[in-house]
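**Student:** Sequence:
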Amino acid sequence: MRRIGILIGVVLSAVSLDVMAQANDPVIMTVAGTPVLRSEFEYSYNKNNSEGVIDKKTVEEYVDLFVNYKLKVQAALDAKMDTAASFKQEFLTYRDQQILPSFVTDEDIEAEAKKTYTRTKEAIGPRGLIKPAHILLRAKTDATAEEEAQVKTRVDSIYNALLGGADFAEMAKKFSMDRRTGMNGGELSWVGPNQTIAEFETAAYELKKGEMSKPVQSPFGWHIILMKDRKQLEPYDSLRADILKFLEARNIRDHLAATVVDSLAKQNGIERSQLIDQRAAELQAKDSDLDNLVREYHDGLLLYEVSNREVWDKAAKDEEGLANYFKKNKKKYAWEEPRYKGMVYHVKNDADKKAVVKAVKGLHFDKWADKLRTTFNSDSVIRIRVEKGIFKKGANAFIDKMVFKKDTTVTAVEGYPIDAVCGKLLKKGPEDYTDVRNQVVADYQDMLEKEWVVALRKRYSYTVDADVLKTVNNHE
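Each residue of the sequence shown is one higher than the last, beginning at 5 in the numbering used here.
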């Protein structure tokens with residue numbers, strides 16, 4: 005009996021916790037049998053109606069949009085789009101970007117920063133860091149012996165001038181062929197051992213602060229080096245912030261996370277993906293914002309795929325449907341003023357002027373460009389220049405002058421003295437849906453979208469709790 009009493013107590017505790025959770029985050033709607041919590045709706049509403057959004061919706065107005073969104077996602081799930089390998093890979097790549105950093109603590113980053121400092125200090129060694137300035141002169145790559153000697157003479161002349169009191173920074177600005185440092189008086193940034201070429205490093209490290217070297221030759225040319233400063237590496241605490249920024253810029257947290265996950269998976273004898281799945285479930289259970297973010301990406305990917313299949317790609321490829329839609333709605337594409345469907349072209353002789361018209365005769369307008377390119381401009385010799393399209397007044401000076409008979413100035417195309425037009429004047433509007441294809445596709449997509457939503461609302465049931473809806477963004 006005692007064991008039964010304990011079991012009942014556990015069950016009642018679980019039930020009471022569930023009741024508390026429901027009270028704190030009640031179901032705001034049920035779509036296709038799936039409950040949607042208020043927190044998810046609030047997350048979506050607030051994100052899409054934040055400050056700066058032009059077409060902000062009221063909570064009541066947003067309900068329809070959200071229901072449609074959920075219905076489309078359900079259609080994608082029913083079509084098993086979430087089982088596709090490409091979907092899984094893209095979703096998990098994004099989700100893991102949110103989850104992997106949790107495997108790395110601030111202590112791990114601190115330890116990596118200290119390791120970086122230690123490695124740097126060891127690499128620098130007792131010789132420390134130096135801040136040199138230099139004046140560089142070099143001969144051409146293919147310089148003769150005489151030209152090399154002339155460069156050496158100029159270096160010696162500059163060196164003697166410096167010994168005589170000339171200002172090093174001014175001489176660097178004036179004569180140094182290292183223009184990057186020359187404009188800064190020849191100064192280099194702080195460098196350590198093995199960071200410059202051997203000849204330069206050897207000469208530089210022999211100098212004390214304020215000392216100047218004699219001309220030193222390296223594979224880059226002749227250098228005169230002035231030692232601006234020397235120091236040992238600063239203590240870790242004074243460099244810590246810079247080291248952390250350096251590591252952050254190199255995504256050290258991601259690299260460490262990958263190592264930690266591989267190690268933990270091996271220790272626990274499970275797959276790497278299983279370990280990340282477990283961590284994702286734990287974090288999403290604790291953090292509603294993260295849970296909503298991951299769900300949003302998951303459902304957003306499905307929405308894109310199913311919308312592409314049912315609306316966007318479907319409309320763009322349905323040539324027969326586009327043509328029929330255009331015929332039924334031709335009046336909405338009427339123009340206020342005539343347009344010229346054709347081309348203005350520029351040729352070098354009368355023979356090509358006639359040949360262009362002959363080449364496109366009887367061809368669909370969409371095929372003109374390919375025909376002209378293969379007939380006249382298939383090799384290195386460009387026989388014709390063409391501007392093709394559907395032109396309204398003001399769009400092209402040649403069309404304005406030759407078709408619309410406007411008094412306008414045209415600029416001749418150099419090398420192509422003969423200008424001509426070929427095409428037809430459309431007075432009332434487009435003669436074919438391809439003349440306004442982008443507009444027709446957009447409108448056809450809009451029609452398919454509306455029809456799809458109507459079908460989804462008939463296919464799936466949905467209910468909205470009006471009382472809970474009133475509490476959106478208005479609860480403790």
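Note that these hints are calculated values from the structure, not bench results. Do not rely on the hints blindly, as some may be mistaken.
Stated by the list, open to error - What follows is a list of derived Cβ distance ranges for each label pair:
#	residue 1	residue 2	range
1	T145	E275	32 to 42 Å
2	N53	R299	46 to 56 Å
3	A373	T263	48 to 58 Å
4	K410	M181	57 to 67 Å
5	E275	N333	49 to 59 Å
6	K290	A459	57 to 67 Å
7	E275	D86	50 to 60 Å
8	I201	E275	48 to 58 Å
9	Q278	D86	50 to 60 Å
10	Q271	Q101	17 to 27 Å
As the list claims (entries may be wrong) - Within a straight-line C-alpha distance of at most 27 Å, the following computed DSS-like cross-link-like pairs (lysine-lysine) qualify:
#	residue 1	residue 2
11	K177	K135
12	K352	K331
13	K357	K410
14	K405	K357
15	K331	K321
16	K371	K51
17	K454	K331
18	K345	K331
Virtual Cβ for every residue (Gly too), placed ideally from N, Cα, C.
**Student:** Run every hint past the structure and note whether it holds.
**Tutor:** Hints and how they fare:
| no. | hint | result |
| --- | --- | --- |
| 1 | T145 <-> E275: 32 to 42 Å | 57 Å, violated |
| 2 | N53 <-> R299: 46 to 56 Å | 18 Å, violated |
| 3 | A373 <-> T263: 48 to 58 Å | 55 Å, holds |
| 4 | K410 <-> M181: 57 to 67 Å | 58 Å, holds |
| 5 | E275 <-> N333: 49 to 59 Å | 55 Å, holds |
| 6 | K290 <-> A459: 57 to 67 Å | 39 Å, violated |
| 7 | E275 <-> D86: 50 to 60 Å | 20 Å, violated |
| 8 | I201 <-> E275: 48 to 58 Å | 49 Å, holds |
| 9 | Q278 <-> D86: 50 to 60 Å | 19 Å, violated |
| 10 | Q271 <-> Q101: 17 to 27 Å | 24 Å, holds |
| 11 | K177 <-> K135 | 18 Å, holds |
| 12 | K352 <-> K331 | 41 Å, violated |
| 13 | K357 <-> K410 | 23 Å, holds |
| 14 | K405 <-> K357 | 18 Å, holds |
| 15 | K331 <-> K321 | 17 Å, holds |
| 16 | K371 <-> K51 | 46 Å, violated |
| 17 | K454 <-> K331 | 20 Å, holds |
| 18 | K345 <-> K331 | 19 Å, holds |
Checked against the numbered hints listed earlier, the structure breaks hints 1, 2, 6, 7, 9, 12 and 16; every other hint is satisfied.
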